[in-house]
Amino acid sequence: MTRIADLSTFNTVHEDGLAKLLPPRPRIAVGMGTCGTGHGAEGVFHAFSAEIGNRGLGISLARTGCFGICAEEPLVNVWIPGKPLVILRKVQPHDAGAILDAITSGAVPFDLALCRIEEWDHITAHIKYGTGFEEIPLWSDVPFFKGQKKIVLRHCGLISPGDIEEYIAVGGYQALYKVLIDGNPVGVIEQIKGSKLRGRGGAGYQTGIKWEFLRAAQAEQKYLICNADEGDPGAYMNRNEIEGDPHSLLEGMIIGGYVTGATEGIIYIRAEYPLAVHRLQSAIQQARDYGLLGQNILGRGFDFHVSLVEGAGAFVCGEETALIRSLEGKAGRPAPRPPYPAEKGLYGKPTNINNVETWYNIAPIIIKGASWFTDTGSPRSSGTKVFSLVGKVNSTGLVEMPLGTPLKTFVYAIGGGAPNGKSVKAVQTGGPSGGCIPQEMLDTPVDYESLAALGSIMGSGGMVVMDEDNCMVDVARYFIEFTHSESCGKCVPCRVGLDKSLALLNRFTRGAATVQDLAMLDELSRMIRDTSLCGLGQTAPNPVLTTMRHFRHEFEDHIRAHRCRAGVCQDLALSPCENSCPLHMNIPRFLELYKEDKIEEAFLSVVLDNPLPASTGRVCQHPCENRCRRVGIDEAVNMREVHRYIADAIYASNRYPALIEQVRARMLPPTGKRVAVVGAGPTGLACAYYLALLGHETTVYDGNAEAGGMLRYVLPDYRLPKEVLRKELELIEAIGVKFVFNTQVGRDLSLNEIDAAYDAVFLSIGTWKEAWVYLPGTELRGVIPALPFLESVAKNEPVALGKTVAVIGGGNAAIDSARTALRLGSGVTIIYRRERKDMPAIPEETEAAEAEGAEMVFLAAPHRIIGNAAGGVQAVEVVRTTLGEFDSSGRRRPVPTGEVIRFECDTVILAVGETVDLDFVKASGLKIKEAGTIEVDRYTLETSRDKFYAGGDVISGASNVSNAMGYGKKAARKIDDRLMGAHRFGQLLPEFDYDKSPPSCPSGSGRHRVSELPALERVKTFAEAVAGLSPVEAMEEACRCLRCDARNGDN
Amino acid sequence: MAHQISIRIDGKLVKVSAGSSILDAALAAGKDIPALCHMKGLSAVGACRLCVVELAGVGRLLPACTTPAADGMSVTTVSQKLTKYRRMILEMLFAERNHVCSVCVSNNHCELQALAARLGVTNVRFAYSYPKLSADTSHPRFVLDHNRCILCTRCVRVCAELEGAHVWDVMSRGTGSRLVCDMNQPWGASKGCTSCGKCVQACPTGALAEKGWCVEEMAKQPARVSRLAVIRGGGQ
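Residue numbers (the working numbering), protein chains in the order written: chain A, 1 to 1051; chain B, 1 to 236.
Among the hints, erroneous ones may be present.
[Unchecked claim] With a Cα cut of at most 27 Å, we get these calculated DSSO-like pairs of lysine-lysine:
1. Lys344(A) to Lys196(A)
2. Lys344(A) to Lys330(A)
3. Lys146(A) to Lys128(A)
4. Lys40(B) to Lys349(A)
5. Lys15(B) to Lys330(A)
6. Lys738(A) to Lys947(A)
7. Lys40(B) to Lys330(A)
8. Lys149(A) to Lys193(A)
9. Lys149(A) to Lys196(A)
10. Lys795(A) to Lys722(A)
11. Lys344(A) to Lys40(B)
12. Lys178(A) to Lys149(A)
[To be verified] One side only, chain A facing chain B, incomplete, derived with CB under 10 Å:
13. Ala125
14. Trp372
15. Asn420
16. Ser485
17. Glu486
18. Lys490
[Claimed, not checked] Quick list of the computed label-pair ranges, beta carbon to beta carbon:
19. Arg380(A) to Thr83(B): 32 to 40 Å
20. Glu343(A) to Val100(B): 56 to 64 Å
21. Glu310(A) to Gly176(B): 20 to 28 Å
22. Glu310(A) to Ser138(B): 35 to 43 Å
23. His553(A) to Val100(B): 38 to 46 Å
Hints listed in this document are in silico derivations from the structure and should not be mistaken for laboratory results.
Cβ coordinates follow ideal geometry from the N, Cα and C atoms, glycine included.
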C-alpha cells in the first residue's frame, strides 16, 4: 500500500493497477453485484477458484460489478492477452471446467459468449484489450447495448470494485488530482454549471447552481450528503453503481467538498443494500489508506471525511429534509422549506444533497470538459441517465442512454418488447412519484420536461414496462398502497388523503365504484398534489392522475361493465379464461362437469354460454389460452377443443333432441316484445338466440339463402364443415327464432319499415366489403378479392382460378384463400409485407398452409401487377422491404429497399382486409366513426338512433367469430335490460352441481393436440382437415385444468 | 427593529416587519386564515395545510404559516379552490378518527368543529375509517383520547418549546401515527411531565382534556398559552 502524495507515487499505483487489470496472463472476472450473486455468481466464482487451484493454472481471478444486462446473469468476463474481453452469459458453476479448458487453449466457449469488447472508453482512460474472436458480436452490436453510452456506468462490470488500484488504473482520482493542483474551485463550479448537469434524483435541479449556493454560504461547518436511499419499487440503478464502482462516488464527493468548502461528507445509504454498504466501507478505507480521503488529501493540504449512514428503511427519507432529520437521529419526517438545506441543513449548517448518480458524472465532466458533456443528450437535459428497465420486457437490466432518447427505443430496441408476443400497454417512469405513459405516446423523448408534460417524472430512473395483462387501475392502486404505507403522517392531505384514495381505488378493483367515485378520486388526487407538505405527497397522486388521464376507459370498464380486461382484479373475473373469452363462457364449469362424467350437463353449460360450440370449437382464435395459468406448468389447456368435443359428441348422439328440450325449458315466458336482428352471421345468431331465450319474439333478416354469415359463406369446408353449422342452427330454430332469408335490409326492406314493426333492432351486418389496394394492374382480369372468391367457392359457384396464384395479405382471409386455391389445384405464393410473427392469421393455419405447399414470401410489398396481351395477369412485382423504426403498434415498420422481385402468376388474390359496406351504413342515417364503422355506446351498444343497437364487425371492424358473438350476446342482454327494465339475463342459467374446489392433484399429462390429416392427403379435398380430440384426450384435457375459478371459502 | 416590508393580502396593502410569515401578515391585514396546527409563539410546522394560500406568480399553493412574507408579494387567502381544499382537509380529519361531538367534552369549544362550521362543512364525503383507538386516563388530572386527536402537534411543541419537558411526540407513521408520552409510556407514569397542563390548553380538540368535566364543559384557553409562549420567546 502506498500513500499517494505526489505524481510519481500516483503513477506507480496507476501502473500497478493496470498490471492487475491487464495482467500478462488470462484474467477471469465474475460479475458479482447483487443481481449476479442472486443468480448464483458466488458458486461460479468458487468453482473457478477451486478449478484454477486444482489445475495450478496461471489465471487471474477477480470479482467485478454488473455489466447491466440482468436478464443474462451470471456474467463472466474472460480476457486472454491480445484478445478482446469476452463477456460470457448465464454461466453456471459446472461450466467452469469447460471455460478453463477453452482459455488454456487460447479460446473462449462461443456458445456462452454474449459479446466481445476490443477497446473500452472509460472516459477517464482508454483501455485496449485486443482483437480477434470475430464470431462473437461486438458489445455495441448487441441489441441491448446498441445506442447505450456509458458515462455513469463507465467502470461497472469491468474493474474490480474492491480494488482502488484498478480504479486508478482506469483514470480514477485523476479528476481530483487535477482539481487540487489547479486550486480553482470557482472554475470547477463554473464547469459544472456549464455542463448543465441536473440532479439525477428526480427533481432535476442544476447541480452547479446548488454547489454555488453552498460555496456562498458562510459557516464554519458545511456538509455534503449523498442520497443513496434508493427506494422506488423496481429501481436499482444506484445499488449497481455503488456495487460496481464505489470510488467514482467518493471521488465526486471529495471534489464537491473541495469546491464548496465542505469538509464532511455523509453517504445516506439504504440498509437493504448490504453489498453496496460493504463495498463502500472498504472503498472508504482504501481511499483513506492511499491518502485520497481524510487529512491532507494528495498532500495538498485539503481535509475531507466521508462517513456512511445506513437508512432507517423509510421511503420518505429520500426526501432531503426528512433525510436530514433522519441523519440527526430524529424521526424521518420532512420539514417545510424554506429554510433550504443550503442555508440551514444538517444540524442547522449549510448542506448540499445530491443523488448517487449525480456524483458519478463529476469526474468525467472535470476531465472532458463541460462542452463534451453537453454534446450528449438534449439541449435542456444534457448527459446520460441510467434506467432500470424492468417489467414486461424480454431483456431487463440497467440501461444508460443519452437523455432525450425516445421511450420506444428502451422498450422495443433495447428491451425487445413484451415477452410471449404480448403487446406493451404502458411504461411507468419515476416509480411511485411518476406516472404511466401509454403505448401510443412511446415516441416521447425521455427528458425532464417531456415526461413532466405527460404528468409523469423521470425520477431516479425506474422504468417499468406493462403489457396487456396489467390492469391500470390495479397499477394505480399498487402505487397508492405503497405511498400510503410510506407516508410519514405529518401533513393531513398525504396521511389521510392517500388513505381515502386507496379506499376509493379498492372500490374500483372490487367493482363497487360509481361514477361519483371517479370524480371524487380525481378531485382528491389533485388536492393531495396541490397541498401536501413534501415531494412524497405532492407526487404520490401522479400514478392515479396519469392512469385516469391516459386509461380512463379502464376505470370506466370497472365501473360500468364491472370488467377488468386484464383479468387482474380478482373480484371481477371468474377465471383468466372466462375473462378473456368474448362470450365469457364458464370454462372451468364445463371442464369440471365433463370431468365428473356429466357430459349432458356439460353440454348444457356450454350451449347456454355459446350457441355455436362446435363451430367456435373449430375456428375460434382461443384468447382463453393466452392467459391460462397452466402455462406456468407446461402449456395451456386446450379448452376450445374440449367444447368442440362435447358438442360433437352430443350432436352425433340421439340425446340432442332431449337436450334441445332442456334448453327450451330455460326459456323465460313470452314478453310480447318484438326484436329484429339484421344479419344472420355469428353476431346476429348469438343475439337472436339469447333474445328468444329471454322470451322476445325474434326475427332475423339476411340477404343470403341460409344462416351463418361468414361461417357459412367464407370459411372453407375443410375448416368448418357445413353440416356442423347446420346441426347447431337446429337449436336456434327450435327455440323459436324466425329467419327471413334473401332479404337485404336497406335494399328490400327499409330501416324505417323495420323501426315501425319492432320494439328494438340489432344491426350485425358484418364486414363484407373487401378492402382494395390501388396498385397499377388491379383492373386486370385475374385479380380477385378474397371474400368474393371464398364466397363463390362456398356456394359451389364456378371460379376462374389460374394455375399459379399469388395471395397478397397475412390475415386469416389470405390463408383461407391460399388453402382453398391449393385444393382447387393451383400453386400458391403468399406475399406479406411484414415478418411472419407479425401475421394476424392464426399461426396453426399459417403452418398448415405451408405444409400443404403454399410458398411464403415475407417482407415484400406489392408494387404492381403486370398484365399480358389478353388483359389477364402475367406476373406480380413486389418490392423487398427491410424492417425500419418501431411503429406505434410495437412492430417494425416495413421500409421499401428498391429491390424488385417478380413472381410469374396468372391470378392475384387480394386479401388486405375487410371493411363495412359503407353504402348501407350511410343510408341508415346512423352516426359513423372515422374508420367507417357504426358508432355505438361501448357499454350498451346503442347507436345514435333510438331503439337501434349494433354489434360485431360492423362496429369493431373485421375481427373474429368469438368477438363477433360476444357482441351479439351482450346486445341481447342490453336490449332485454332496456325493454324489460330489469336485469333478467342471469335467470337463463340453471344451477349446475359440480365440485367447486381446486383439484388436489391436476393431471400431469401434457397438452393434447388435435390430429391433422397428412398435408398431402388433405390438400386434395375439402373434407375437414383436423379431427377433434378423442374422448380420453378430451377427458385428460379437462383434468389438466387448475380451476382458477375456485375461491378460498374464507374470502 | 427589523425593517418593514409591504405585502398585499387579498388586495389590501399591509406593512409588516421582515421575517414575518404570510399568516402574520394576513392577521395584520385583518384576515383570519384557517389553521389548526399553527399557534402563535410556537414554531410553525406546516402540518395541517389548511392555511395554504395562492401567491401571484407562483404556480403552487403555499402554506401561510411557514412561508416568509417578502416585499411586494401579492397573496390571495380566499378562493373557490382554496375553500374546496380546506373543506376537504376538514372532511379528512373527521373521517380519520372518531369525532363524535355529541359526547365530547370540548363540544362547542372545539377549534375543529368551529372551523367546519365556519367553512360550511355539512357532511363528509369520504368513508369513515372508524379506527379502534384507546384513551389514556392514567394521569391523575388529565386524559388523552386518541379518538379526537388530529396530530396537529401543538401539545408536542408547547411541551418541548415552552415547558421544556418534551414529554409528547409522535410515533409510527402514516395513518398509524400516534401521539405518545415519553417512550410510549402511560401518561401517568411519565417522569418528565410537570402536570402543567399547557398541552391541554393548547389542544384544539377534546383529545387532551382535564378530568372531571362533562360534555361541552371543557373550554380551553389557548390564547393564554400562546401569549406566554410569545413572551418567553419559545420557538419563533
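Outcome of the hint check:
1. Lys344(A) to Lys196(A): Holds, because 25 Å separates the two Cα atoms, which is no more than 27 Å.
2. Lys344(A) to Lys330(A): 16 Å, holds
3. Lys146(A) to Lys128(A): Judged against 27 Å, a Cα distance of about 20 Å means the pair holds.
4. Lys40(B) to Lys349(A): The hint holds at about 26 Å.
5. Lys15(B) to Lys330(A): Distance ~37 Å between lysine 15(B) and lysine 330(A) Cα, so the pair is violated.
6. Lys738(A) to Lys947(A): 20 Å, holds
7. Lys40(B) to Lys330(A): 24 Å, holds
8. Lys149(A) to Lys193(A): Status holds; Cα separation ~22 Å.
9. Lys149(A) to Lys196(A): 18 Å, holds
10. Lys795(A) to Lys722(A): 11 Å, holds
11. Lys344(A) to Lys40(B): Roughly 22 Å separates the two Cα atoms, so the pair holds.
12. Lys178(A) to Lys149(A): 25 Å, holds
13. Ala125: Hint on alanine 125(A): violated, closest Cβ of chain B at ~45 Å, above 10 Å.
14. Trp372: 35 Å, violated
15. Asn420: 38 Å, violated
16. Ser485: 6 Å, holds
17. Glu486: 7 Å, holds
18. Lys490: It holds, given that the least Cβ distance between lysine 490(A) and chain B is near 5 Å, below 10 Å.
19. Arg380(A) to Thr83(B): 32 to 40 Å: 37 Å, holds
20. Glu343(A) to Val100(B): 56 to 64 Å: Cβ of glutamate 343(A) to Cβ of valine 100(B): about 45 Å, so the range 56 to 64 Å is violated.
21. Glu310(A) to Gly176(B): 20 to 28 Å: 23 Å, holds
22. Glu310(A) to Ser138(B): 35 to 43 Å: 36 Å, holds
23. His553(A) to Val100(B): 38 to 46 Å: Hint holds: Cβ distance 42 Å, inside 38 to 46 Å.
Against the hints set out earlier in the document, violations occur for numbers 5, 13, 14, 15, 20.
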